[in-house]
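Q: As a plain string of letters, each chain reads:
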Amino acid sequence: MSETGPAPAFRPAAAEALKNPQLRANFRRAMDGLMAKRAALFSDPVEWRDLRALGAAIRARTLARLPELLETLEKNCAANGIHVRWAETTGEANAIVLEILKKHGATRVVKGKSMVSEEMHLNDFLEERGIESLESDLGEYIIQLDGETPSHIIMPAIHKNKQQIAKLFGKKIREAKYTEDVDELTAIARRVLRKKFFEADAGISGVNFAVAETGTLCLVENEGNGRMSTHVPSVHIALMGIEKVVEKLEDVPPLYSLLTRSATGQVISTYFNMITGPRGPGEKDGPTEVHLVILDNERSRIFSDAELSATLRCIRCGACMNHCPVYTRIGGHAYQAVYPGPIGKILTPQTEGVARRHELVHASSLCGACVEACPVQIPIVELLVRLRREATHKEPGSTVLQAGEGRNRLEDAAWFFWEAAHRHPSLYRLMGFLATRLRRFLPSRLPVLSAWTWGSGGPQGPPPGSRLRATPRPAARTLHELARKDGVDDA
Amino acid sequence: MPDPARERILGRLRGSPRCASPASDFAVMARKTWPAAERYPRLRRLMEAVKTEFLEATEDGWPATVRSFLVSQGLKTLLYGPETPAGRRLAQSWPSGEGPRLVAYDRPIEQTKEQLFNEMDAGFTTTRGGIAETGGLIVWPSPEEPRLMSLVPPVHLALLSTDAIYDTFWDALRSQGWAAGMPPNALLISGPSKTADIEQTLAYGVHGPKRLVVVAVGR
Amino acid sequence: MSSPDGVSRGRPEAVYYYGTCLVDLFFPQAGLSGIRLLQREGLRVIFPQGQTCCAQPAFNCGYHEEARAVAQAQIALFRQPYPIVVPSGSCAGMMKRHYPALFEGDPFQAEAQAFAARVFELTQFLTNVLKVKLTDRGEKVRVTWHSSCHALREMGIVEEPRSLLAQLENVELAPLSRERECCGFGGTFAIREPEISAAMVEDKAGDVLSTGAPILLSGDGGCLLNIGGRLAAKGETVRASHVAEFLWERTK
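Chains as they are written, first to last, in my numbering: chain U, 1 to 491; chain L, 1 to 219; chain D, 1 to 252.
Keep in mind that a hint or two might mislead.
To be verified - Here are some chain L residues the structure puts well away from chain U; computed CB gaps all over 12 Å:
#1 R6
#2 P41
#3 P63
#4 G81
#5 G97
#6 E98
#7 P146
#8 R219
As the list claims (entries may be wrong) - Under the rule of at most 27 Å between Cα atoms (straight-line distance), these lysine-lysine pairs were calculated in the DSSO-like manner:
#9 L:K32 / U:K75
#10 D:K252 / D:K133
#11 L:K210 / U:K167
#12 U:K37 / L:K32
#13 U:K103 / L:K76
#14 U:K19 / D:K234
#15 L:K210 / L:K51
#16 U:K171 / U:K196
#17 L:K113 / U:K103
#18 L:K210 / L:K76
#19 L:K210 / U:K162
#20 L:K76 / U:K196
#21 L:K76 / U:K172
#22 U:K167 / U:K177
#23 U:K196 / U:K103
#24 L:K113 / U:K102
#25 U:K485 / D:K234
#26 D:K133 / D:K234
#27 L:K113 / U:K162
#28 L:K76 / L:K51
#29 U:K102 / U:K196
#30 U:K196 / U:K177
#31 D:K252 / D:K131
#32 U:K177 / L:K210
#33 D:K140 / D:K252
#34 U:K37 / L:K51
#35 U:K248 / L:K32
#36 U:K37 / U:K162
#37 U:K195 / U:K177
#38 U:K162 / U:K19
#39 L:K210 / U:K195
#40 L:K210 / U:K37
Quick caveat, the hints were computed from the structure, so don't treat them as lab data. Glycine included, C-beta positions come from ideal geometry on N, C-alpha and C.
Kindly produce the complete structure, drawing on both the sequences and the hints.
A: Right, here's the structure in full:
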């Protein structure tokens with residue numbers, strides 16, 4: 001269902017972000033670093049070509065068999081002792097998590113990183129009901145302390161520099177001495193969280209890959225907080241979107257290799273944690289109960305469209321946003337969505353409504369840097385163009401949320417006239433004639449020309465009264481005229 | 001009892017057109033191979049790059065190597081699994097009297113949590129081999145070597161046989177037949193815990209062990 | 001003269017020329033230069049006067065009926081089996097990569113496919129098909145090169161413009177530090193998100209200036225209007241020129 005309430009306005013948020021030099025500098029440095037590290041590990045073009053073709057094929061195979069694989073996953077998880085629950089909406093997912101926690105009288109939860117839990121606004125939901133839900137991944141811990149949401153799906157605190165973090169720790173963590181030293185800041189977090197892992201009643205995590213063949217949940221991490229959250233408390237709840245299933249164990253290593261190199265420029269993460277059940281017979285530790293919550297939240301709607309279902313191939317690596325010239329300049333918060341960047345621009349309109357999030361599908365120059373970097377070959381540019389069409393035209397049989405509701409008469413009229421002018425060569429040549437003969441009289445304050453020449457006059461624009469770009473002046477004669485005069489053959 | 005959410009979700013999925021599914025060509029995985037003699041040096045190089053430490057040892061001498069290491073680092077307690085062959089060797093070879101103490105992980109965590117979190121300086125586990133392509137150890141926790149041994153103590157000592165190194169993770173899981181049955185927990189571990197969440201600057205020793213020490217046993 | 005992979009087996013006797021609407025109105029001399037470069041190689045160049053626009057603006061905005069109508073009108077003008085040479089990577093990309101899909105399920109698709117197979121971007125055609133030999137007749141000059149994203153990523157044009165410029169012995173190519181980064185034009189993107197576009201073009205202009213080159217070259221009219229427009233508004237003397245015009249002027 002589409003989110004209710006007015007749509008968050010993207011353009012002002014982007015403009016605000018653009019005038020923040022600290023944010024610009026933080027993101028530029030961070031994205032450059034991530035791009036360089038990734039490039040260094042994909043330096044063999046043949047390997048890159050073949051591995052990403054394999055990654056795309058594995059994800060396509062998953063999607064081609066999605067309902068069957070989910071049933072197999074559920075069967076095998078259940079056989080392993082993992083309790084599987086299904087949730088159509090984030091509300092249902094939250095209710096399931098609450099039910100499990102209440103059954104155990106759990107009031108203190110530690111969380112590993114999970115973007116699905118961000119979709120659920122799970123922390124707020126639990127806090128409102130008197131359950132502490134503490135983020136244990138350092139980046140998530142930092143933003144939770146500051147009451148923020150993640151600005152990047154892999155590095156949630158990427159918008160903060162160490163001075164900002166030092167001030168935050170100094171203010172919010174009792175007994176923490178003020179320090180800007182990264183090792184000391186890390187040690188503070190280790191001390192605080194260690195106590196929390198020890199005391200927690202339950203641990204909640206995401207899932208990177210859920211293997212249908214064996215009923216195994218795979219978690220990728222570097223810090224150890226994921227293992228702490230999933231092995232120490234007596235209850236573990238794992239949250240996944242329906243698309244996170246893979247068919248076989250052998251499908252995992254290629255995807256894992258693509259993920260770590262694309263996301264953080266590492267050949268391998270510190271830990272790869274494969275959970276195939278709660279504490280087994282004779283085991284001395286591990287949770288006594290493991291639950292898996294499978295969330296839909298409009299993914300099945302996306303799935304129903306053969307072209308748009310490619311959106312669901314995503315393995316949440318973040319490479320698209322690392323390479324995006326728009327994301328680099330505005331950061332993640334400006335999108336005001338759970339998923340920012342290119343993947344966010346195709347996912348959010350499909351889960352919240354293509355009219356509600358119309359701005360997002362147009363917030364792209366279609367440069368294709370994301371497509372080039374995507375390890376599973378999601379055709380993001382094609383999907384953006386498709387969603388732009390869906391926003392203004394409701395095709396019969398379309399399952400896109402709010403299809404056609406973004407239509408506006410002004411734009412319809414503009415393209416109507418554009419078509420007329422360009423389908424009739426005589427009309428086109430007349431316009432060319434007028435534009436060239438009257439070229440010195442083109443007013444730069446005309447609606448479209450104004451945005452081009454003067455910018456928005458807003459914060460990122462040139463100072464008032466000065467131009468963003470020179471007014472584009474047509475030449476004295478069109479090429480049509482020059483060619484004809486030159487005697488170039490017409491046919 | 002049928003779950004309505006489950007039925008509706010699966011119903012929508014089943015009723016949808018299916019996308020195309022091109023063949024999966026795993027040749028790119030299969031062609032990542034190294035000569036046997038190169039695998040351990042490669043693994044070592046990659047793991048040392050992320051601050052893993054290595055102790056070279058022999059089949060006969062590794063328990064002494066472990067003990068010397070603990071002494072030299074001032075580590076007083078070593079958690080180990082007494083029921084494994086390696087654990088038994090460790091216990092047999094351990095001198096009594098002064099010096100680092102072996103502590104058996106022989107009871108459920110509910111009885112040992114305080115001790116585990118606060119008194120264990122190091123944990124010792126065996127491994128099921130390593131991975132040459134990326135570095136990394138294969139660790140399968142078990143009733144004999146519980147999960148938290150390689151996670152909670154600040155130092156993790158891992159026994160690795162230098163000829164049990166696979167070319168790739170893909171190769172390892174196929175060669176060892178993991179699809180036939182997974183334990184409740186299986187792991188790859190490639191170094192001490194780390195993060196780059198603060199200004200993309202690497203910091204080691206976050207929530208997992210601060211040090212990973214590989215006891216590499218060759219012929 | 002065309003084969004399914006789009007590369008001619010021999011030298012064609014004639015080629016079509018698709019000027020593109022931006023070249024038509026803003027860079028007609030560059031358009032004519034492209035024609036001259038082809039004529040100099042002994043080819044008969046045909047410029048159908050009925051041509052207008054490749055329809056990329058409407059296509060990218062999701063107005064596909066309108067795009068189809070205009071695309072069909074273009075295709076109908078290029079019936080002979082000659083290559084179609086285009087002085088724009090993004091327009092060439094539109095026609096080559098998107099025309100067939102635009103007519104999916106339509107009886108016209110076969111014709112659209114045949115058309116698409118014959119489309120070449122100008123520098124690609126000069127380098128790979130005609131294998132032109134250029135002699136530099138100009139003075140020493142430093143230039144810098146910006147590729148449009150579509151030329152780069154849809155048409156795969158990376159080396160061709162560079163190799164043509166490399167043949168000019170008095171031309172020094174100083175690369176941009178972020179050569180592959182978008183300039184912020186993006187068609188209607190510059191109008192819908194002017195703040196973000198402004199930030200992108202400002203960075204690109206700064207990059208151009210830091211090369212010290214008095215001339216910025218590109219194969220795409222949109223990028224030239226965008227970056228050139230920004231440089232001019234800043235009062236800079238750097239000239240933004242279409243590569244076709246530059247190549248012709250240096251070698252004629």
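Q: Was L:G97 rightly flagged as not at the interface, with every chain U Cβ beyond 12 Å?
A: Consistent with the label, L:G97 stays out of reach of chain U, its closest Cβ about 28 Å off (over 12 Å).
Q: Run the distance test for L:K210 versus U:K167: straight-line Cα separation, threshold 27 Å.
A: 25 Å, holds
Q: Taking only the CA atoms, is the gap from L:K210 to U:K195 under or equal to 27 Å?
A: With a Cα-Cα distance of about 16 Å, the restraint between L:K210 and U:K195 holds, given a limit of 27 Å.
Q: Take a quick look at L:E98 and tell me if its Cβ sits farther than 12 Å from every Cβ on chain U, holds or violated.
A: L:E98 is indeed farther than 12 Å from all Cβ atoms of chain U, at 29 Å.
Q: Straight-line Cα separation of U:K196 and U:K177 no greater than 27 Å?
A: 20 Å, holds
Q: Next pair to validate is U:K162 with U:K19; report whether the Cα-Cα distance is within 27 Å.
A: 21 Å, holds
Q: Does L:P41 clear chain U by more than 12 Å, comparing its Cβ with all Cβ atoms of that chain?
A: Holds, because the least Cβ-Cβ distance between L:P41 and chain U comes to about 16 Å, which exceeds 12 Å.
Q: Are L:K210 and U:K37 close enough, with their CA atoms no more than 27 Å apart?
A: Given pair L:K210, U:K37 holds - Cα atoms ~24 Å apart, limit 27 Å.
Q: Mind checking the alpha carbons of U:K37 and L:K32 for me, to see if they're no more than 27 Å apart?
A: This hinted pair holds, its Cα atoms lying about 21 Å apart.
Q: Is the Cα-Cα distance between L:K210 and L:K76 27 Å or less?
A: 16 Å, holds
Q: Within 27 Å, alpha carbon to alpha carbon, are U:K37 and L:K51?
A: Judged against 27 Å, a Cα distance of about 18 Å means the pair holds.
Q: Holds or violated: D:K252 with D:K133, Cα cutoff 27 Å?
A: Distance ~12 Å between D:K252 and D:K133 Cα, so the pair holds.
In summary, the numbered hints that this structure violates are 1, 4, 7, 9, 13, 21, 25, 26, 27.
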